[in-house]
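From first to last, the protein sequence lines stand for chains A and B.
Here the UniProt record's numbering is used: position 127 in the first sequence is 127, and no number is missing along the way.
Here the UniProt record's numbering is used: position 129 in the second sequence is 129, and no number is missing along the way.
These are computed hints drawn from the structure, not numbers from a lab.
Among these hints, one or two may not hold up.
Identical copies carry no separate label here, and so any pair may be met within one copy or between two of them.
Stated by the list, open to error - Derived DSS-like pairs (lysine-lysine); straight-line CA-CA distance at most 27 Å:
no. : residue 1 : residue 2
1   : Lys4      : Lys212
2   : Lys110    : Lys68
3   : Lys72     : Lys110
4   : Lys15     : Lys212
5   : Lys254    : Lys15
6   : Lys257    : Lys15
7   : Lys245    : Lys15
8   : Lys263    : Lys386
9   : Lys110    : Lys204
10  : Lys104    : Lys257
11  : Lys15     : Lys4
12  : Lys362    : Lys263
13  : Lys189    : Lys254
14  : Lys362    : Lys212
15  : Lys257    : Lys367
16  : Lys254    : Lys110
17  : Lys367    : Lys4
18  : Lys204    : Lys189
19  : Lys15     : Lys362
20  : Lys4      : Lys189
21  : Lys82     : Lys362
Single-letter residue listing:
There are 2 protein chains.
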Amino acid sequence: MAPKEFPSLPDERLKEIVHQLTQYGLANGLIMYPPAPFLENQPVLAPVTLFPTPFPREEFNKSLQIQKIYNKLYANIVAEQKWLTNVIEQLSQHDVEFTGRLWKSFLNAKQEGIPQNLSLALTRSDYMFDEISQEIKQVEYNTVSVSFGGLSHKVGSAHTYLNQLGLYSSFGSERYYTDNEIPISESDKRLADGLFSGVEYYNKEYLNGENKSIVLVVVQPDERNAFDQRALEYHLLNNYGVVSKRVNLPDVLKSIKIDSHSKRLYYQNWEVSVVYYRSAYSPAEFDSPDTWECRTVLESSMAIKCPSLLTQLSGSKKIQQLLTSHEILSKFIDQAEIKQIETSFCDIYPLDNSVNGKIAKKLAFEKPQNFVLKPQREGGGNNIYKEDIPEFLNSIPEDEWEAYILMDLIHPTIHKNLILRNGEILTDGIVSELGVFGSYLFNEKTGEILDNQVLGHLLRSKTSTSNEGGVAAGFGCVDNPYLY
Amino acid sequence: MAPKEFPSLPDERLKEIVHQLTQYGLANGLIMYPPAPFLENQPVLAPVTLFPTPFPREEFNKSLQIQKIYNKLYANIVAEQKWLTNVIEQLSQHDVEFTGRLWKSFLNAKQEGIPQNLSLALTRSDYMFDEISQEIKQVEYNTVSVSFGGLSHKVGSAHTYLNQLGLYSSFGSERYYTDNEIPISESDKRLADGLFSGVEYYNKEYLNGENKSIVLVVVQPDERNAFDQRALEYHLLNNYGVVSKRVNLPDVLKSIKIDSHSKRLYYQNWEVSVVYYRSAYSPAEFDSPDTWECRTVLESSMAIKCPSLLTQLSGSKKIQQLLTSHEILSKFIDQAEIKQIETSFCDIYPLDNSVNGKIAKKLAFEKPQNFVLKPQREGGGNNIYKEDIPEFLNSIPEDEWEAYILMDLIHPTIHKNLILRNGEILTDGIVSELGVFGSYLFNEKTGEILDNQVLGHLLRSKTSTSNEGGVAAGFGCVDNPYLY
Numbered sequence: 001m002a003p004k005e006f007p008s009l010p011d012e013r014l015k016e017i018v019h020q021l022t023q024y025g026l027a028n029g030l031i032m033y034p035p036a037p038f039l040e041n042q043p044v045l046a047p048v049t050l051f052p053t054p055f056p057r058e059e060f061n062k063s064l065q066i067q068k069i070y071n072k073l074y075a076n077i078v079a080e081q082k083w084l085t086n087v088i089e090q091l092s093q094h095d096v097e098f099t100g101r102l103w104k105s106f107l108n109a110k111q112e113g114i115p116q117n118l119s120l121a122l123t124r125s126d127y128m129f130d131e132i133s134q135e136i137k138q139v140e141y142n143t144v145s146v147s148f149g150g151l152s153h154k155v156g157s158a159h160t161y162l163n164q165l166g167l168y169s170s171f172g173s174e175r176y177y178t179d180n181e182i183p184i185s186e187s188d189k190r191l192a193d194g195l196f197s198g199v200e201y202y203n204k205e206y207l208n209g210e211n212k213s214i215v216l217v218v219v220q221p222d223e224r225n226a227f228d229q230r231a232l233e234y235h236l237l238n239n240y241g242v243v244s245k246r247v248n249l250p251d252v253l254k255s256i257k258i259d260s261h262s263k264r265l266y267y268q269n270w271e272v273s274v275v276y277y278r279s280a281y282s283p284a285e286f287d288s289p290d291t292w293e294c295r296t297v298l299e300s301s302m303a304i305k306c307p308s309l310l311t312q313l314s315g316s317k318k319i320q321q322l323l324t325s326h327e328i329l330s331k332f333i334d335q336a337e338i339k340q341i342e343t344s345f346c347d348i349y350p351l352d353n354s355v356n357g358k359i360a361k362k363l364a365f366e367k368p369q370n371f372v373l374k375p376q377r378e379g380g381g382n383n384i385y386k387e388d389i390p391e392f393l394n395s396i397p398e399d400e401w402e403a404y405i406l407m408d409l410i411h412p413t414i415h416k417n418l419i420l421r422n423g424e425i426l427t428d429g430i431v432s433e434l435g436v437f438g439s440y441l442f443n444e445k446t447g448e449i450l451d452n453q454v455l456g457h458l459l460r461s462k463t464s465t466s467n468e469g470g471v472a473a474g475f476g477c478v479d480n481p482y483l484y
Numbered sequence: 001m002a003p004k005e006f007p008s009l010p011d012e013r014l015k016e017i018v019h020q021l022t023q024y025g026l027a028n029g030l031i032m033y034p035p036a037p038f039l040e041n042q043p044v045l046a047p048v049t050l051f052p053t054p055f056p057r058e059e060f061n062k063s064l065q066i067q068k069i070y071n072k073l074y075a076n077i078v079a080e081q082k083w084l085t086n087v088i089e090q091l092s093q094h095d096v097e098f099t100g101r102l103w104k105s106f107l108n109a110k111q112e113g114i115p116q117n118l119s120l121a122l123t124r125s126d127y128m129f130d131e132i133s134q135e136i137k138q139v140e141y142n143t144v145s146v147s148f149g150g151l152s153h154k155v156g157s158a159h160t161y162l163n164q165l166g167l168y169s170s171f172g173s174e175r176y177y178t179d180n181e182i183p184i185s186e187s188d189k190r191l192a193d194g195l196f197s198g199v200e201y202y203n204k205e206y207l208n209g210e211n212k213s214i215v216l217v218v219v220q221p222d223e224r225n226a227f228d229q230r231a232l233e234y235h236l237l238n239n240y241g242v243v244s245k246r247v248n249l250p251d252v253l254k255s256i257k258i259d260s261h262s263k264r265l266y267y268q269n270w271e272v273s274v275v276y277y278r279s280a281y282s283p284a285e286f287d288s289p290d291t292w293e294c295r296t297v298l299e300s301s302m303a304i305k306c307p308s309l310l311t312q313l314s315g316s317k318k319i320q321q322l323l324t325s326h327e328i329l330s331k332f333i334d335q336a337e338i339k340q341i342e343t344s345f346c347d348i349y350p351l352d353n354s355v356n357g358k359i360a361k362k363l364a365f366e367k368p369q370n371f372v373l374k375p376q377r378e379g380g381g382n383n384i385y386k387e388d389i390p391e392f393l394n395s396i397p398e399d400e401w402e403a404y405i406l407m408d409l410i411h412p413t414i415h416k417n418l419i420l421r422n423g424e425i426l427t428d429g430i431v432s433e434l435g436v437f438g439s440y441l442f443n444e445k446t447g448e449i450l451d452n453q454v455l456g457h458l459l460r461s462k463t464s465t466s467n468e469g470g471v472a473a474g475f476g477c478v479d480n481p482y483l484y
């Protein structure tokens, strides 16, 4: 089935859409801070599309259906600690700056003692719909600081609002989309549900079920995307009566204490059940040794980390590349599960001295137009695309190539849509990336999964001339699917 | 019972309260536009107190209990059309500029024909707690464009949030107030309920019960308080599926049409059931004759006006003054009802040639420190206080004095509190004004009241050195009671 045509509307109508969308978004917290320096009391509307973007319903549903398998897969990877640490140790020799330091933090924590076997993950699996295979293809699986679950609900509500006002219809008073065609993500509430699974376990286990522990949200200083994070905190308090406290990553050690005997973690006068990182995922954050020290100290406390260092490391691109091997994948999930997720895999190659690695090194220079080169680190802005790959590889020593993976480019549909950004409308075509949120609470030692949830969706779009999709990084915007 | 002491907290804690309050407020739409010129996508946090302000619980409850009597009283005044129009006609000779023009608009509409007998009022009765009598005293009864019902809910939620975080307690982790001590106003949802009573009636009467008419919100251009109004619109859509459309008062005639036969009102392709004015209450709005023409034309349509011209005029200060006469009051409500509301009356005097008027003219010059002089028009910034009264009266011809009323000053308690305004903290003592929202749908011809509701509360505060309390006008802030 083909999607309905993109509504063609007169300029005056577009102006009204911008006006209504702007006020609705501001009234409902669809906001972020502008690039620093900014004043705390002067946010702006988050960049957002004027219309929902077509996405095939079947593939959308599939992305939600397979999330629990992905959750299980990555929990099992962490539980196979010997295998995982072996991969990471190798990788850390090539990606010294980031993977290497996370790995060292883990080793230090291990030496100190890691008293808490339970670990919580809030993850997001990102896909593009590939025009050639007509299937979703996984871009990456994020295991730390997944963002925009708070804003996703609001953009779905905003598009629904515009639709209810009749503004998408040529007549101006009818609903262009049925309600069923615009799914509203409940990821803002659901991610709070995910966090609560960790809090609840801790309270039962260590506080006789008394609901008095808090979530310590470890953030970056001057966070532009604070309101996305706040949405989760407010739901956690409203729906579960659980307080969150925010602390900047570099300042953690000034404000916490750990009981030397019980290893319980305290912030001010509160006991912390879950340490929730919305930070610690990019090399730039770790400018000072103090920051690494924070990560190590928190890891050695009794609080449940979201994520633990091992869970964070399981999200390395290298792992994603290894999982494209059926043999490796079979170590973690069964054949029926593999069958459900493997069609969402892209071809991914290592750039090492293995057989596949040698093939990949050749491909990177001979057919660079088919690939994207990705480093280990998270966050937009670091990938190298197509014809830029050979020059980039030539600019670094060959023994550093192993820190990267070479990935088949996905061919997303370019859709018409308009992006509202800083009060201006961008009119290029757009490509979209669908994210599905999940959470799992599990025992890293035994592999037992105590809780496994699917937590809603996110659509991010970017102008088709831009290669990167990070919204906070300034290249894209939040969007919502129109399902067809 | 005395209120708990105002919490005395270190500077660092106040900083955290400001930080948490700012982000909570911005995330939840506790916002307004800064003074013009402003960009539509750059709102600021509404001015707000850091703490809830003490208010005696009994008097708070009483204010809610008597609202239905006030609603009935003012509905009955409008139904006594002969009496009301007699008063207004007189008044319009002295207040030519405003009351006079509203009155003329009414006469023009009457000549044209006013086909709709039903009228909807969303009102707000404002009180101060008077230290001397230990009772609430009514400042005024507003019958047009009552504001801050949308934001009131949000400030109550914000104070509750800060309390839940433990920030008001010296220890930093306990609730300083019980939940029961901070009432959260539901006025945002409830005012939408009030509007819906009119929509529902219209749909039943004229559209076979089909829920397809809209509310036309007639606003001022460049409205700073748009988000307060929006909160009602969004609730109306979410809770009742009723669309609102906003139109600037001066532009109304360009975008509506009235069927010459049925007198039904249409905006674009929508049929309008309720015309909701968030405008048309201040002389400055009526710069062009077109604006008066708009008011007349809409009055002559079948749509239910909120408020009608007569209902708006019933809120004149002159009426409030006349109602202080027991004899007059007895025309509209019974003795049991009078008993319940009369303790909330202030002494109010006319400045005319009646016996009372002559006394008042003397008092205004001899004991001006006991009085405030008020013109007919709504909105802050127009009152003359205490020692300024004689000079002001001397500056205008005596036959214009009749356009004013002289009112006993209320002696409100000055409380400690801090106001956050444009990122700065104001540390003066504050005085507060409690507002109670009400709605009534009634037949202006027969006096039949079809619906009578109490719709929640509002507390506004201002620094005690400022005489005026308009929040949008820039002198005060939104607040919420702590009940003791």
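27 Å Cα cut-off: does Lys254 pair with Lys15 within a copy, between copies, both or neither? between (50 Å within a copy, 17 Å between copies)
Alpha-carbon proximity between Lys362 and Lys212, which holds within one copy, between copies, both or neither at 27 Å: neither (58 Å within a copy, 65 Å between copies)
How do Lys15 and Lys212 come out at 27 Å by Cα distance, when the copy is not named: within, between, both, or neither? between (49 Å within a copy, 24 Å between copies)
Evaluate Lys4 and Lys212 at a C-alpha cut-off of 27 Å and name the case that applies: within, between, both or neither. between (51 Å within a copy, 25 Å between copies)
Intra- versus inter-copy proximity for Lys189 and Lys4 (alpha-carbon distance at most 27 Å): neither (31 Å within a copy, 35 Å between copies)
With 27 Å as the alpha-carbon cut-off, assign the pair Lys110 and Lys68 to within, between, both or neither. The answer is neither: 29 Å in one copy and 68 Å across copies each exceed 27 Å.
When Cα atoms must be at most 27 Å apart, do Lys245 and Lys15 count as within-copy, between-copy, both, or neither? Between copies, since 15 Å is at most 27 Å while 40 Å is not.
Copy assignment of Lys367 with Lys4, given that the CA separation must stay at most 27 Å: Intra 36 Å, inter 75 Å, cutoff 27 Å: neither.
Give the relationship of Lys257 and Lys15 under a CA distance limit of 27 Å: within one copy only, between copies only, both, or neither. For Lys257 and Lys15, the Cα distance is within 27 Å only across copies (22 Å; inside one copy 54 Å).
Since the copies are identical, ignore which copy is meant and state whether Lys15 and Lys362 lie within 27 Å (CA to CA) inside a copy, between copies, both or neither. neither (51 Å within a copy, 58 Å between copies)
Is it within a copy, between copies, both, or neither that the alpha carbon of Lys362 lies no farther than 27 Å from that of Lys263? neither (51 Å within a copy, 78 Å between copies)
My question is about Lys15 and Lys4: at a cut-off of 27 Å on alpha-carbon distance, are they close within one copy, between copies, both, or neither? within (22 Å within a copy, 52 Å between copies)
Hint compliance for this structure: hints 2, 8, 12, 13, 14, 15, 17, 19, 20, 21 are not met, and every other hint is.
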